[in-house]
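Those protein sequence lines, which keep their order, are chains A and B.
1 is the number of the first residue of the first sequence in our numbering; add one for each residue after it.
1001 is the number of the first residue of the second sequence in our numbering; add one for each residue after it.
Some hints could be false.
Cross-link-like lysine to aspartate or glutamate pairs, in silico, EDC-like; alpha carbons within 16 Å at most [said to hold, decoys possible]: (1) B:Lys1135 - B:Glu1177; (2) A:Lys314 - A:Glu333; (3) A:Lys314 - A:Glu369; (4) B:Lys1135 - B:Asp1087; (5) B:Lys1192 - B:Glu1177; (6) B:Lys1013 - A:Asp10; (7) B:Lys1127 - A:Glu264; (8) B:Lys1135 - A:Asp46; (9) A:Lys250 - A:Glu288; (10) A:Lys290 - A:Glu162; (11) B:Lys1053 - B:Asp1034; (12) B:Lys1013 - A:Glu8; (13) B:Lys1013 - A:Glu11; (14) A:Lys250 - A:Glu285; (15) B:Lys1192 - B:Glu1115.
Source of the hints: derived by calculation from the structure; they are not laboratory data.
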Amino acid sequence: MMRRIWKEFDETLFGYGSPVTLGLFRIVFCALVVIGLSLTATNFSDVFTERGLVPAALAERWTNGIPRLNVLSGVTAAPLTAAVIGTTILAAFCAMMGLGTRVATIVMAIGIVSLHHRNPFILNSGDTLMRVTAIYLAVSPCGRACSLDRVIGLWRGTAPTEHAPISLWPQRLIQIQLSVVYFFTVLLKWGGNTWRDGTATWYPPQLAEFARFGFPPFFDQGIFLRIGTYGTLLIELALATLVWSPRFRKWVLLGGLGLHAIIEWRFNIPMFAFVIVSLYICHYEGHEVKAWAERLSQRFSRFRVNVAAPEGRKWREAPARALTALGLFGTVEYGGSGNAKPAAAWARSPGAWLALPVWKSLLFQATEEAPARKTKGRP
Amino acid sequence: MQAKSPGVNPLIKVGFVLYVALICLWSLPRAPRDLRVLASPRATPEMRAAVRKPTPYEELLIANDRHVRGGPAGRVLLTTGLWQYWDMFAPNPSVNDFWVTADITTRSGRVIPYEYPRVSQVPILRKYRSERHRKYVERTRLSDFSYAQPYLANYIARQVPFDPGDPPSIVTVYVHEREIQPPGQPQPNHEKRLWFRRAVQPDEVRPR
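Bound conformation, chain A alone (with noise of 0.2 Å):
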């Protein structure tokens, strides 16, 4: 008994699975670190230099004495804090398109804790959970699928066709550190009167420099605000545990996914609705992801186009196949014989968007010269 639940914890946790979702939520994850950067570095005065709110000294005070991961510790030169946040947006740039996926994450994981040593006072719990995650990214092979660095080995022929299976724990750390996150704040929570006695959703409205968007007034009324406070409670509690059962995960993130739409809506906090929804990706397997492009996929067929060599050439197999992979739903095929339409090509190729200045060269370079025999159209 105790080895068979052993071994189902052993695989939950540690089991081989698709790289894939870790290569989505990658791309999501990235995507939004490179936003709230860029939003914060347009605070750039403020908040990272000496004329700012807080200077070196004072983020030094702030450690009590305790070393912290920091590469701005002690820089007082604004263009060096500059230079490192760039760095940063930069790291978070590449490990968004998957490009030098390894370096990338970990440049951008020492940039956002190193930042967020530099001014700890103006953080939310959205910029906690991008730290923590941004660093759980950068110990996960998040780069094997999904990727410019998968496209790359493709075409050098260094890549599997079909994507590596990889151990799924760094998968499994980001569900359960949203577990946690929900769980401890639902415990938190009914440490306090207003969540319990039902009408905690009655006060962040009313702060007039917190809110953002009305709603209703009924809505923060009566029934509907022990609705409101408890439904919360519920929600939350329910993505810290009933979300890990197949059966109910999907109405679970649904719920979460209202509930921060309501937030995000209502009130002003950076970000937080945006990363932490953005975990719920981790929630689906790979292979389930899989099959709901492939859904999409068919649903696309119409856009389906086939690019043909020129004349006197063929494809080359490896190259072939990762021209393929920059495509979008399976809707670009290269090789056989057919309609050319190289501008649809690039078109419904998102992941080819950046070599738009080089594609027909990289098209050129991914064909060979063929033996004599006419081909239809050209690329």
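Chain A is fixed; fit chain B onto it per the hints.
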């Protein structure tokens, strides 16, 4: 549909389990303020005798504060950036609605009024940006962070144009606040209260 595991390094497994346990302990509520002295290794028997007897749950929180938050494992979280708090709207949502203004008194006695950035006064696209300012004040108003006041005073003094021959000498910071009352009760107006007053040095507030 997981493939058969070729095996994760046992050290990673042990580290994983310990780490999850650690962040769970770290995320527990802190001991009540009046009992925190019991978590301090420097607390004398007299100091311990002066506080009330904790409940078993409070004993657990005190032990957690002392051995996890204050121990080597807690320091690892602090150093690496893995520290975390999940007290969103907890234990109760904030009931304090506030904004900040200041009077900057120059050496000659001239008073220059200043309004600290207010989220409610900026267009929607700038609200995210202003929230960082609001959060800073919300945090530095806590007694634990009162050491930030001189830095805020310097910042405020730098925000207004002044004659280099007549630099700011004193910054008086006010909080306009009101406490939100429970639903159905009349809501008070904001009241202006003195937060703190600080002398500032001319070399700290040179114009931009």
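Right, here's what the structure says about each hint:
no. : hint                  : in the structure
1   : B:Lys1135 - B:Glu1177 : holds, 15 Å
2   : A:Lys314 - A:Glu333   : holds, 14 Å
3   : A:Lys314 - A:Glu369   : holds, 6 Å
4   : B:Lys1135 - B:Asp1087 : holds, 14 Å
5   : B:Lys1192 - B:Glu1177 : holds, 7 Å
6   : B:Lys1013 - A:Asp10   : holds, 9 Å
7   : B:Lys1127 - A:Glu264  : holds, 12 Å
8   : B:Lys1135 - A:Asp46   : holds, 13 Å
9   : A:Lys250 - A:Glu288   : holds, 12 Å
10  : A:Lys290 - A:Glu162   : holds, 12 Å
11  : B:Lys1053 - B:Asp1034 : holds, 11 Å
12  : B:Lys1013 - A:Glu8    : holds, 14 Å
13  : B:Lys1013 - A:Glu11   : holds, 11 Å
14  : A:Lys250 - A:Glu285   : holds, 13 Å
15  : B:Lys1192 - B:Glu1115 : holds, 13 Å
Hint check: no violations occur; every hint is consistent with the structure.
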